[in-house]
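S.K.: Each chain, written out:
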Amino acid sequence: MYNFNHHRPGSVDEAAAALSGADDGKLLAGGMTLIATLKQRLASPSDLVDLGAIADLKGIREDGGAIVIGAMTTHATVAGDASVKAKIPALAALADGIGDAQVRNCGTIGGSIANNDPAADYPAALVGLGATVHTNKREIAADDFFTGMFETALADDEIITAVAFPVPEKAGYQKFANPASRYAIVGVMASSGPAGVRVAVTGAGPCVFRLADAEAALGGGFSADAVTNVGVAADGLNSDLHASAEYRAHLVGVMLRRAVAAAG
Amino acid sequence: MPTVSMTVNGRAVTGEVEGRTLLVEFLREQLSLTGTHVGCDTSQCGACVVHVNGESVKSCSMLALQADGAGVTTIEGIAQNGELHPMQEAFREHHGLQCGFCTPGMVMSAIDLLNKNPSPDEGEIREWLEGNICRCTGYHNIVKAIQSAAANMRG
Ligand SMILES: Cc1cc2nc3c(=O)[nH]c(=O)nc-3n(C[C@H](O)[C@H](O)[C@H](O)COP(=O)(O)OP(=O)(O)OC[C@H]3O[C@@H](n4cnc5c(N)ncnc54)[C@H](O)[C@@H]3O)c2cc1C
Ligand code: FES
Ligand code: FES
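If you read the protein sequences in the order shown, they are chains A and B.
Under our numbering, think of the first position of the first sequence as 1, with each following residue one higher.
Under our numbering, think of the first position of the second sequence as 1001, with each following residue one higher.
One chain only, chain B, in its complex shape (with noise of 0.2 Å):
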């Protein structure tokens, strides 16, 4: 079986794969980093964003052969010395989640949306979640909470 070799949250990692086991099962099966979840496994929800390369991607639709050598970072990874990442601190702060499900993705992406625009308005912010799919809250304090993190970030 060919062997998969790349940096997870800032730890190198290397495992056996198939050709067709995608990034999202090699990252939950075998990292046991079941904080990236998988909604639809058509590209279309965004429950399972993690960045590659600082890009945010959809990992059930990118193999794990395909991310050799990438450097990925997943939700478990954005927490710095037991401190929450602002993103999730301005989630928990606003309320920006229900269940829960889709939250990984929407943290990831919304990273991803600062880390291009860190000064990204209302429209900006919908028009980039195109992506991420939530059944719960209705996306309001998603924004909010996405707003907050952008001006604590700005500091």
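Pulled out of the complex, with its shape left as it was, chain A reads as follows (with noise of 0.2 Å):
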């Protein structure tokens, strides 16, 4: 690892002022991405910009029909948090299944998603349930803000600050988990609520995306019956030593009726 300025802000406006004063400046979060990728050299950034003394990013409330969760919140927090496993037990369980309870002290939800890892779980959490990613310059629909693999419609001096998921009347979350990450191989989060019907599909593909055949199915009753025979082609699937892509084209179908039963 190549060293670096490490900076400890207390707020979001010493961050983003940290970050804009740097040659090459990166944010920390839980580092569980991040120190791994420095190690390996495959970062070398002139100052690392620490987000773990900023209390504001820390946290779960409610607000209006939504669970507000702040940036820096670990999937541990999240897992454990009452009004989360009450209002949408689905994202709950999401954050207890992401890799080991070790990871899950320190990883973040602002860190996972900022990341994009096309295996990772919290992408298919907010645009399965249609959350919005609040950040200290606008707010930006889940939907346009995932872009690519690990690519986001984040600017490279954006902080995301919160994550704003409304409450679904259902929602259920599948993964076929690598055995020794966690990560997904194929995971579906199913909704249906405010945000209207929405299936997510992470790890399949470069980048999480919705499946449109499935939503139109369920919109006409939101059961597993109902998408019986709704499936993907296994063109621009991703293919590696885990699964081929048409394996992993067969997993998306079992997967979203699974999240579909799951959700009740």
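Since the hints were made in silico from the structure, they are not lab data.
Take the hints with a grain of salt, since some may be wrong.
As the list claims (entries may be wrong) - Which chain A residues stay away from chain B? Per the calculated CB distances, all over 10 Å, these:
no.: 1; residue: A18
no.: 2; residue: S20
no.: 3; residue: G21
no.: 4; residue: D50
no.: 5; residue: K58
no.: 6; residue: A86
no.: 7; residue: P89
no.: 8; residue: A93
no.: 9; residue: G99
no.: 10; residue: V103
no.: 11; residue: V230
no.: 12; residue: S239
no.: 13; residue: G253
Claimed, not checked - Chain B stretches covered by chain A per the calculated footprint, using a threshold of three residues with CB under 8 Å from any CB of chain A:
no.: 14; segment: 1050-1057
no.: 15; segment: 1062-1068
no.: 16; segment: 1099-1113
Glycine included, each C-beta is placed from N, C-alpha and C at the ideal position.
These two chains come separately, so use the hints to put the complex back together.
M.R.: Below you can see the structure in the form of structure tokens.
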């Protein structure tokens, strides 16, 4: 790991100033992805701006019909939070299924979505529940946030502050996890609520995507039977040592039906 | 060089570190607390698990400066007045280790589990140990040790 200047600001404004004042600054959240990246020298920022001391970025609150989760809230906190468990149990279960206990104690929702790993769980939650990403500059709909493999709509100097999830009437998430890392080989979030009927797929393609056929079928009645025949083509899906594109295409259908069934 | 201060095993410590100094490097190399091991150095194996403000974390994947101001507990800090912690005692009693390399991380991880869930069933214990890899024991005796420690700690 190359050395860098470490900053530990106490507010989002100070963090933004530290970032814009650096030659090549990068934000540090839970470090679960970034520190490994630095060790491998795949990144060598001049400055790291550690968001860990900014109290405003941590915690979960209810705001009208939404659950608002601060960017620096850990997966363990989301998994254990009483209001998330009561209002969006599928989201609590998704957070509880990320990696392992120590990853969940450090990894954050902001870091996960900024990274936009094609196999990460949270992208499916944001798109599948119709969430809104709040940054220090604007609000971005989840549908517009995830733009490609490891790519998002964030500008270089933009800081995610929170994610707002509208409370759905029904929601279910199921993933076929990689047995070593627990990353999703395929994960599907299906929901129905104020954001409409939504089905989002992670792990299968280069970036999270919505499944229009499934959404249309579920619009006529939200049950696993409605999507018995819905599937996806293998074209364009990921193929790697964990699973071929054909296998992932098959898993999309299976996880979809399980997610809808889990939504109740 | 930046200065870092934290409370380690109840003792206030201060040291000079680089931005890139890992928490595990600070513990092992500056404080000579070599009970915390480094197995994979890539946040897979859990040999380096310590508690930061009561939560188990992988100290190979945290910067020392991220723990500035925190309370840190390592394997050296859990025995009290010369008596092994009940989790250490249970690992000894149930032969929950062979080479012992994974043991400090296993013990620290297991204590965090019992803090959150004092009566885990076998499935919950195995699930919790997802981030702790042991190459020797086959896990059975580790699970037995944690079950036994849970019973003893509930009293
Ligand atoms: C062993 C292991 C298993 C894992 N398994 C899973 C899994 O099953 N499912 C899953 O989804 N994930 C998994 N992960 C990833 C984990 O969820 C991490 O939380 C995630 O990769 C990054 O979050 P972080 O908080 O650690 O961010 P960091 O690593 O600190 O940062 C990641 C990136 O996000 C940027 N960033 C961070 N915060 C912000 C912000 N507020 N605004 C803008 N940019 C920001 C950083 O600059 C960096 O580029 C696993 C990781 C490990 C090590
Ligand atoms: S050495 Fe930290 S997880 Fe393996
Ligand atoms: S006892 Fe040898 S690695 Fe666990």
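S.K.: Each hint: holds or not?
M.R.: We went through each hint and held it up to the structure:
1. A18: 13 Å, holds
2. S20: 19 Å, holds
3. G21: 16 Å, holds
4. D50: 6 Å, violated
5. K58: Since the minimum Cβ distance to chain B is about 13 Å, A/K58 lies beyond 10 Å and the statement holds.
6. A86: 19 Å, holds
7. P89: Nearest chain B Cβ is 18 Å from A/P89, so the label holds.
8. A93: 13 Å, holds
9. G99: A/G99 is in fact no farther than 10 Å from some Cβ atom of chain B, at 7 Å.
10. V103: Label violated. Min Cβ-Cβ 7 Å, cutoff 10 Å.
11. V230: 31 Å, holds
12. S239: 24 Å, holds
13. G253: Holds: least Cβ distance 27 Å, greater than 10 Å.
14. 1050-1057: holds (count 3)
15. 1062-1068: holds (count 5)
16. 1099-1113: Since 3 is at least three, the answer is holds.
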